[in-house]
Structure formats: C-alpha cells, structure tokens
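**Q** With the hints in hand, could you dock these two chains into one complex?
From first to last, the protein sequence lines are chains A and B.
Its first residue numbered 1, the first sequence is counted upward by one per residue in my numbering.
Its first residue numbered 249, the second sequence is counted upward by one per residue in my numbering.
Be aware that a few hints might be false.
[To be verified] Derived DSS-like pairs: lysine-lysine, alpha-carbon spacing no greater than 27 Å straight-line:
| # | chain 1 | residue 1 | chain 2 | residue 2 |
| --- | --- | --- | --- | --- |
| 1 | B | K416 | B | K337 |
| 2 | B | K420 | B | K279 |
| 3 | A | K82 | A | K93 |
| 4 | B | K319 | B | K447 |
| 5 | A | K187 | B | K553 |
| 6 | B | K337 | B | K447 |
| 7 | B | K447 | B | K279 |
| 8 | A | K2 | A | K187 |
| 9 | B | K416 | B | K435 |
| 10 | A | K193 | B | K553 |
| 11 | B | K420 | A | K149 |
| 12 | B | K553 | A | K93 |
[Stated by the list, open to error] Derived coverage of chain A by chain B (criterion: at least 3 residues anywhere in the stretch with Cβ under 8 Å from a Cβ of chain B; other residues may be distant):
| # | region |
| --- | --- |
| 13 | 20-26 |
| 14 | 98-108 |
| 15 | 188-195 |
[What the hints assert, rightly or not] Only part of the chain B face toward chain A is listed, based on derived beta-carbon distances under 8 Å:
| # | residue |
| --- | --- |
| 16 | V321 |
| 17 | D348 |
| 18 | R349 |
| 19 | G531 |
| 20 | L534 |
| 21 | L539 |
| 22 | V542 |
| 23 | V552 |
It should be emphasised that the hints constitute simulated quantities derived from the structure, not laboratory data.
For glycine and all other residues, C-beta sits at the position ideal for the given N, C-alpha and C.
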Amino acid sequence: MKRIYLHPLALRIWHWANALMVILLLITGIELRIPGVAALPVNSPALLAHRYTGWSMAISSLFWFVYSLMSGNLSRHYVIRKGDLKGILRQMKFYLLSIFRGEENPFRASPDERFNPLQKLAYGTIMCVFTPIIVVTGLFFSDMLFFRKYILLLNAMKVLDAIHVIVAYMFALYLIVHIYMATLGRKASSHIKAMIVGYEEEFDEPDMMVSYKEGPGEPDATTKMISPDKTASCQECHTEKEGANVDG
Amino acid sequence: MDKHDEKTEILEPAFGSSSLNPFCSRRQFLKVSGVSIIGISALGPVLARGATKPLIIMEKAQGIVVADPIKCVGCGRCELACTEFNDGKAAPTRSRIKVDRNLNFGPKDVFAFREGQGNWGNGLIVQDFCVQCPHPVPCADACPEDAIVASPTGNVRVVDPNKCNGCKICLKACPWEMISFDPDSRKATKCFLCNGKPKCVEACPAESLSYVPWRDLTNKVPRRIATTAVIPPRKDAACQECHLPGAQKNLRQGMLSLFWEQVKDGKPASMRNIGSKWIDLVGVVLLPLVLIFVILHAGLRTVVKR
Numbered sequence: 001m002k003r004i005y006l007h008p009l010a011l012r013i014w015h016w017a018n019a020l021m022v023i024l025l026l027i028t029g030i031e032l033r034i035p036g037v038a039a040l041p042v043n044s045p046a047l048l049a050h051r052y053t054g055w056s057m058a059i060s061s062l063f064w065f066v067y068s069l070m071s072g073n074l075s076r077h078y079v080i081r082k083g084d085l086k087g088i089l090r091q092m093k094f095y096l097l098s099i100f101r102g103e104e105n106p107f108r109a110s111p112d113e114r115f116n117p118l119q120k121l122a123y124g125t126i127m128c129v130f131t132p133i134i135v136v137t138g139l140f141f142s143d144m145l146f147f148r149k150y151i152l153l154l155n156a157m158k159v160l161d162a163i164h165v166i167v168a169y170m171f172a173l174y175l176i177v178h179i180y181m182a183t184l185g186r187k188a189s190s191h192i193k194a195m196i197v198g199y200e201e202e203f204d205e206p207d208m209m210v211s212y213k214e215g216p217g218e219p220d221a222t223t224k225m226i227s228p229d230k231t232a233s234c235q236e237c238h239t240e241k242e243g244a245n246v247d248g
Numbered sequence: 249m250d251k252h253d254e255k256t257e258i259l260e261p262a263f264g265s266s267s268l269n270p271f272c273s274r275r276q277f278l279k280v281s282g283v284s285i286i287g288i289s290a291l292g293p294v295l296a297r298g299a300t301k302p303l304i305i306m307e308k309a310q311g312i313v314v315a316d317p318i319k320c321v322g323c324g325r326c327e328l329a330c331t332e333f334n335d336g337k338a339a340p341t342r343s344r345i346k347v348d349r350n351l352n353f354g355p356k357d358v359f360a361f362r363e364g365q366g367n368w369g370n371g372l373i374v375q376d377f378c379v380q381c382p383h384p385v386p387c388a389d390a391c392p393e394d395a396i397v398a399s400p401t402g403n404v405r406v407v408d409p410n411k412c413n414g415c416k417i418c419l420k421a422c423p424w425e426m427i428s429f430d431p432d433s434r435k436a437t438k439c440f441l442c443n444g445k446p447k448c449v450e451a452c453p454a455e456s457l458s459y460v461p462w463r464d465l466t467n468k469v470p471r472r473i474a475t476t477a478v479i480p481p482r483k484d485a486a487c488q489e490c491h492l493p494g495a496q497k498n499l500r501q502g503m504l505s506l507f508w509e510q511v512k513d514g515k516p517a518s519m520r521n522i523g524s525k526w527i528d529l530v531g532v533v534l535l536p537l538v539l540i541f542v543i544l545h546a547g548l549r550t551v552v553k554r
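Pulled out of the complex, with its shape left as it was, chain B reads as follows (with noise of 0.2 Å):
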C-alpha cells in the first residue's frame, strides 16, 4: 500500500497542477488508447473475414486430362475446342487448357546451360491445365465467396456462376495459374472437364492429350523436356550443315575462336571483347610449355643415362 501512496502523491500534482495545460491527461490517454484497442481487435475476424475460415475439402476429382508434351505438336486446337463449347466462340486467351512455347530465357547473365527448363524456359511447347487439387485446393479455400465447389458429376472443381463475384483473387490463388476470366461475363471460369468428356481430348490430332483417371502424381511428374527427339534421316542431312562432324567442328571452332576473333560487320573485333577467353589463353599456353618441358626433362635424362 505504501507504493501505491507514493504513486498517487507523485502523480497527483502532475495531473491537477499542470501549468502546461495538455490537450489530454495522461488518463484519456490509456483510457482512449485502451478502448481502441479492444475495438480493433474486435474487429479483426470482422476485417479478417475468409482468412481464417476452415480449409475446404473436398472429394477427389475422378478424372484428369494429362499431355505427353512430346507429340504436342502446339497446333492449339484444343484452345479452340474448349472455348467453343464453353463459349460459344473461339477465344484462346481465356481457354481452361493452356498451350504455349516457354520462351522465358530466365536472368541475365546466366550461362546458357544453366538455364533450366519449365518456367526457365527452354523453347518448348509446354501444356497447362487444372490439374484438379485434391487437398488443399487453393482457389476455393481463397474464393470470399466459396464459389468454387466440386461438381456432381466427377467431383471436379468448377466455379459456381451465380455465387461468383468476379474478384479474380482465385486466378491469384492458383500455384499454376490455371483459372481463366471471363471479361464478357466478368467472371472467373476453370476447367470443368466438360462434364467428364473434355472436348480438347476430343479436338487433339496429334493424340497428345489423354483424359485418365485422377491419381496423385505429386513428386512423380516427369520432366517436361522431350529427351528423344527423332529427326527423320532426310531432315538429318539439313542439321549436318552446321553439326558436322558431330561436336569435333564445334570443338575445333572454339579452339581457332581463342586466338582469332572472329570478323563481324567487315572489321574484326577488338581486343575488347575477348571477354573471358583469356582465362583458357592461360591454360591453352601454360598446359602445352609443362607438357614440352616435362617430355624435355625426360628426354634428356634418358639421353645424358646413355
């Protein structure tokens, strides 16, 4: 109780005598400061409506379209089949299957050979398509509107029409960016596997696209990179004008390449641009005068043993 005395003896006088007169006492203050805090927290599950909501589960799809990327041919008729039937018109850019050339030549300034495959970019026809999330599935736990349910037929996940709002927050959500809108209807839309009959397998000539049962490939899906590409011998004799003979010219040209630039434009180039050649300069001189040096040394020990 003695503290408590000696609080109120300090603090009395500062409050009731002030000369200075605050635009609020010290008690407003915590009171004010108090209040609103409580109250903005109270708020919180009000502003933090659908973060914190459960996470949706929901059946496994039971089909999926797969693409072998190695007969895709990229012709994109498949584009046009889904948005026929979806549609009403052919519309690529807002087609549920998505095929295209990776042509993203990642950083600057990384080797060629570094620079990966997939989303890195490789040059090849890749295909993209709702691959059907079995748990979570990011854009309906994110949809404020629990608009994207699993359908009846085949437990697909579709996006309901009337509940959808157009907030594009799933289009976001979606790890493969998989959800495409609608900007007639302002709406978002997503691969429903046309009610279990994909009219894209159904469009695809070269037979590169496949409707199978839905199964976990997390962790097991091969890489998307055609590892046997088979030119046909006539088209072989074409390569051979700049591949031949195998990687032997190659090999010889980067070799010439170290000591004489080569001539662009009429001029030949500085030596400004050796860029980093000057580091194999080194090993390209140093390595032969070891090697003569050693085979001297030997030499003349066999010889003077004589």
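Just chain A, with the same shape it has in the complex (with noise of 0.2 Å):
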C-alpha cells in the first residue's frame, strides 16, 4: 500500500470552504427564486446570506484563480490535452459499464495527474466557465451603482438573471453527480477521506489489498535466496535431511 499526496492543503481548505458556501448559496438562492416568495424585504436575512455568501466566493473564486496559474494546478490538471478524447470515451464506458462488472477504474490517480480526463471536463467547465459566469452575473446584481447604472440601462436585468439562475441549477446538478461520484472510490470513504488529509491510498495489485485486509502474512519463505556457495556455512547447523537433526 502506498499512500499518495494527491491535494494540497491550500485547495483542500478551498475545496471544503467552496463546498460549504455553493450549499448555502443554492439554499439561500431557491428561497430567492421560489415564485410567490421572491418578494423578499431588503433587510430579508435569505437575500442577506446570499449576498455575502456570494461575495465571499468571488473572493474564494479569485484566490482559486490566482493560486491556480502561479502553481501549475490549472495548467498541469486542467489542460486537456492529446488523447484526452478517447480517456473521456473510456472513462465513461467505465462509469455507464464496466463498473457494474466490478471492474477496476483504467485511471489511477497521480500528483501528476491527479484528474482522469472525465474529471478534467467537468472540473475544468465548472471553475473556468460557470463559476465565473455566475460569479460576475451575481457582481452586476450587487449594489454597486457603477454596474446598475448600466444594466437598467440596457435593461438587461432579466436576462442576467435567467443565465445566472441556469448556472446555478448547472452547479445543482454538478453538486448531485460530484457527491455520488466521490463514493465510487476502493471504498466509499476513500476520495472524501483523500480530499479532507490529502493523501489518497494505493494498492498496487488486488492481492496486496486482500493481504492488507487480513493484516501482515508470514513472511514469504520462496523469495529468499540464498546462494549456493553461501549454504555450506548454514549446513553447519541445517543439515540435509531435517530428519537427522530432528534424531541427533
């Protein structure tokens, strides 16, 4: 068993506090949303967590952002690259398919790719697409008066909203799958184990899991070879015949 540092600190405190901040923006979001209840006051504490929740992951967004181009982590797990077509393909035929056989997952992850290409899709569309769109659609409702100015100007309010809404059941959606999908690991534990103390357990083989399992085997007598030359000396003590040891 291997044990492998797959997430750093740094994104797993994003990825948790990011978790915790779309959760209460899409909760806070569809009491907004509700037709009949969407006549919210202004002091509404909904609208209020929404605001400041929603501010708070434009700034999320941004350090994500930031901290994603200076390490690499966009351009070395983001980028899709040559090839990537056919991993989605296989990857999806693993998850529609082959995973009901019981077979094993054809990625393993690595710090150096730590994202199958499906993951890569999706990952990549979530924080490079929607993310900024509904962060930026969420800026233009806020209250600065330099960006209202504008949208009532162009009267384009309603059609901010409508994108901002879709997006928003976009990221439902994602939510739903994402969460299933961190269960489908060795066991169901392990990516969100992997995810909060940032090492993720490898086994090599099948059998080294079983041996795991039950806990450390005898240790193997056939791998130890011992060269001719060097038997004389044992034979001092082991003789041939184990019989004749046992009688002496």
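**A** This is the structure:
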C-alpha cells in the first residue's frame, strides 16, 4: 500500500470552504427564486446571506484562480490534452458499464495527473466557465451603482437573471453527481478522506489489498534466495535431511 | 530681430494691399477680442456674486426634533400644529415638519426585493424635519441675501423675513427639501423649533416626536424601517387567511404555478405569459432526472455486486 499526496492543503481548504458556500448559496438562492417567495424585503436574512456568501465565493474563486495559475495547478491538471477524448470515452464506458461488472477504474490518480479526462472536463467547465459566469452576473446584481446604472440602461436584468439561475441549476446538478461520484472509490469514503487528509491510499495489486485487509502475512520463504556457496555454512546446523537433526 | 522683420514683411502686404477688403483687419480683431476677454473676466466676480462668497459657519443648534417611525401613526397633527402656530391656519403643504407615506416604488422592471427603502419607497410613513445642519449649512450658503441666520435663541437656522426675497434657491439647496415656501407672503420659511418649544412635539399623540439636544448623527442614523412590527394575536388570525402555514403555502403555490398558469378572467393564460418561469422549469425537470439517474446507478451497482 502506498499513500499518494494528491491534494495540497490550500486546495483542500478551498474545496471545503467552497462546498459550504455553494450549498449555502443554493439554499438561499432557491428561496429567493421560487415565485411567491421572491418578493423579499431588502433586509431578509435569505437575501443578506446570499449576498454575503456570494461575495465570499467571488473572493475564494479569485484565490483559486490566482493560486492555480501561480502553482501550475491549472496548466497541469485542468488543460485537456491530446488523447483525452479517448480517455473521456474510456471513463464514460467505465462509469456506465464496466463499473457494474466490478472492474477496476482504468485511471490511476497520481500527483502528476490528479484527474481523469472526464474529471478534467467537468472540473474545467465548472471552474473556468460556470464559476466566472455566476460570479460576474452575481456581481452585476450587487449594489455597485457603477454597474447597476448600465444594467438598468440596457434593461439586461432579466437576461442576467436567467443566466445566473440556469448556471445555478447547473451547479446543483453538478453537486449531485459530484457527491455521488466521490463515493465511487475503493471504499465509499476513500475519495472523501483523500480530500480531507490529502493522501489517497493506493494499492498496486488486488492481492496486496487482500493481504492488507487480513493483516501482515507470514514472510514468504520462496523469495529468500541464498547463494549456493553460502548454504555450506548453513549446513553446519541445518543438515540436508531435516530428520537427521531431529534424531540428533 | 531677423524673425521680426520677416514677420512684418509677410504681414504688411497682406494687410496693406489686400484686394479682399475684409470687414476688419486681423489687428482690429485681436484688439477687440482681447478687450472683450478682459472685460468678461472683469465681469466674472460680478456675475458670480454669491457663488464665491465664503462658506457660512454658524454655531451648532442646541436642540432638534426627532421621530420614532415605529410609534408614528401618520395622523399629521404635527403638521397642523406647526402651521397653526406659524401661519395661523391649518396648511399642511407649507408645514415645516413633513409626514408622508413613502410611495415611490423605484425604477421600472426592478425586482421587488431590490427596491430598497427610504427614497426608493417601501410604503412606510416617513417623518422629515430640518436637521439643523452644523456645517456647511446648504440653505444659508445658497441664499443670495444672507437671509438664513442662526437665531439668538438656540442657534437654530431661521429665515429672516425682512431679508428674504422669495427666490426659492434655498428650497433647491436643501438636500432634504425641508424648506417650505409661503405662497401668501412669497417668502421661504423653515423650522426654527418654535423658539425651543416645538409645537409638533406637543401635538404628537403617539409620542413619536421628541425634542432632544442636538448631536451629530452623520452615518449613525438607524434605518427608517419598522423592524419589529408587532401584530396583536386577534389581528394575526386575519393575516393567516393569506399567509398560512407560513412560507410553506407560498412555496407550494409557487412550485405549482410553475406548471399550471393561474386562470385569469375565466380563461387560462397562454404560454406567452410564461415569463421567466422556463428558467425554473429547466431546473425543476433536470434536477429530479439527475437524482433518479444517480439513485438508479447506485442501486444497480449494489444489486450487481451481490
């Protein structure tokens, strides 16, 4: 069993903070959104929570982008490369078919390649397309008069609202799938644990996994190679015939 | 000097022997324009009389009237008392204290929850009165006749009717529009706290108004919104005809109205009136689909494993 360091501390903290914020934003957002409850007063807790959490998420997304660009996280793990299309198809086949047959995931995460091609596509879309859209449209709703003047001038509030809400629903869809697929590791908790402690437990072969599960086994005698010229000294105590020793 | 000679060489024939015969020469034009520039700039201080005068600094007022918007019932007796004392008749339009219901609903096509409060209009009763600005005093600074002065009793800002010429500049200068105009005498008039015994405070039946020592509340004024609206239980029952049980009913109605347009005037509304509901339909349809897919996937996985 190996332990692979997959997720840096900064990204782990960001991930869980972001998870909390997205869930909060979705809950408060749906309350603002459902018709009939939409006519909320300015100081309603749902609106205030949505606003402040939105600002926090804007800042944390900015942090993510700066960190990812500076550390090479974005260029190493998110850029889709040649051959990834095949990989996407391979992963889709695995998740839709092979997984039911109990087959192994064809992708092995490593510090150099943290995400499989399908993950790359999903996370890249979420972080580089959806998050900027939802943050920017959200900022346009805020009380920054500099923005609002032009929004009202263009009568673009409804368009922005439609974009914001549709992307928010995409976030909700993504959240469901993301949480479910996080449980598809070796154990249901292994990916989630990796996201908390940073290390993913990696087993090289299925047999090793079994032996690990049963505890450390006996040292394997067959792998002990003693060169023939050294065996002579052994035979001072261990004669060729075990029986002779016993008799002695 | 060579350059000067060159210039005269070019200019002299141009002016002296010109066959065009312009209505004025360049020299004349320059003379006249120079004189007029000097003349206009000399006129400047005359034209800008009042604009460049130094800011008026007054002693701080000793007292001020403040209102508690939660207690105010909007009866308007303060306005009547004010005009009765000052004008000898009930004339709320020229009252120095202004009580009104705030019904400015803001720009069109803005969401209901974005309309804000105060001048954006939330339907609450607002009480406005002169705040006795310490410095600058916009009305006094704007007055061309220096008619707004600090009164000897309490240093309140008061219009001197002998100096006021009724130009209404102070009405525009006040950021809170608290200067009234008396159409009979054609003079501006403003709150002077009735010489330390405000009649509006005496008249208030709800104890909303009070006369307190003046202090600076810049950036400290609490929101003008009744946050603790207390409804007595017997009236609460009537509210529940529409608001029961809490937000759940609204939520259910809202979700239902996504799929069924409410019938109006005996005929169902067409799809054209769907508005922005399609956005939520996208989510309401997609979310359960994905959820069902995920549950099926998980279920199938466990079943096959066995």
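**Q** It remains to establish, for every hint, whether it holds in the given structure.
**A** Consistency of the hints with the structure:
With a C-alpha separation of about 22 Å, the suggested pair B:K416 and B:K337 falls inside the 27 Å cut-off, and the hint holds. Between B:K420 and B:K279 the CA atoms are separated by roughly 42 Å; this puts the pair beyond 27 Å, and the hint is violated. The straight-line distance between the Cα atoms of A:K82 and A:K93 is roughly 19 Å, inside the 27 Å bound, and the hint therefore holds. As the CA atoms of B:K319 and B:K447 are separated by approximately 18 Å, the hinted pair is consistent with the 27 Å bound.
The suggested pairing of A:K187 with B:K553 holds, with an alpha-carbon distance near 14 Å, which does not exceed 27 Å. Restraint check for B:K337 and B:K447: satisfied, since their Cα atoms lie roughly 14 Å apart, inside the 27 Å limit. Between B:K447 and B:K279, the direct Cα distance comes to roughly 65 Å. Violation of the 27 Å bound is thereby established for this hinted pair. In summary, the hint linking A:K2 to A:K187 is supported, as the alpha carbons are separated by about 15 Å, within the 27 Å threshold.
The straight-line distance between the Cα atoms of B:K416 and B:K435 is roughly 8 Å, inside the 27 Å bound, and the hint therefore holds. Between A:K193 and B:K553 the alpha-carbon distance is near 23 Å, which keeps this suggested pair within the 27 Å criterion. At roughly 25 Å between alpha-carbon atoms, B:K420 and A:K149 fall within 27 Å of each other, so this suggested pair holds. Taking the CA atoms of B:K553 and A:K93, the gap is about 18 Å. The hint holds against a cut of 27 Å.
For a cut-off of 8 Å, the count of residues in the region 20-26 of chain A with a CB near a CB of chain B stands at 0, and the three-residue condition is violated. Chain B is given as covering the region 98-108 of chain A, and this holds because 4 residues of the stretch bring a CB closer than 8 Å to a CB of that chain, at least three being needed. Residues of the region 188-195 of chain A lying with their CB closer than 8 Å to a CB of chain B number 0, which falls below the three-residue condition for coverage. A least Cβ separation of about 21 Å between B:V321 and chain A goes past the 8 Å threshold, and the interface hint is therefore violated.
Annotation: B:D348 was flagged as interfacial toward chain A, and the flag is violated, the nearest CB pair being 20 Å apart, outside 8 Å. A cut of 8 Å between beta carbons decides the hint on B:R349: the least distance to chain A is about 17 Å, and the hint is violated. At its closest, the beta carbon of B:G531 sits 4 Å from a beta carbon of chain A; the interface hint therefore holds under the 8 Å criterion. Annotation: B:L534 was flagged as interfacial toward chain A, and the flag holds, the nearest CB pair being 6 Å apart, inside 8 Å.
Annotation: B:L539 was flagged as interfacial toward chain A, and the flag holds, the nearest CB pair being 6 Å apart, inside 8 Å. Look at B:V542: its Cβ gets to within about 5 Å of chain A, closer than 8 Å, so that hint holds up. Look at B:V552: its Cβ gets to within about 4 Å of chain A, closer than 8 Å, so that hint holds up.
Hints 2, 7, 13, 15, 16, 17 and 18 from the earlier list are contradicted by this structure; the remaining hints agree with it.
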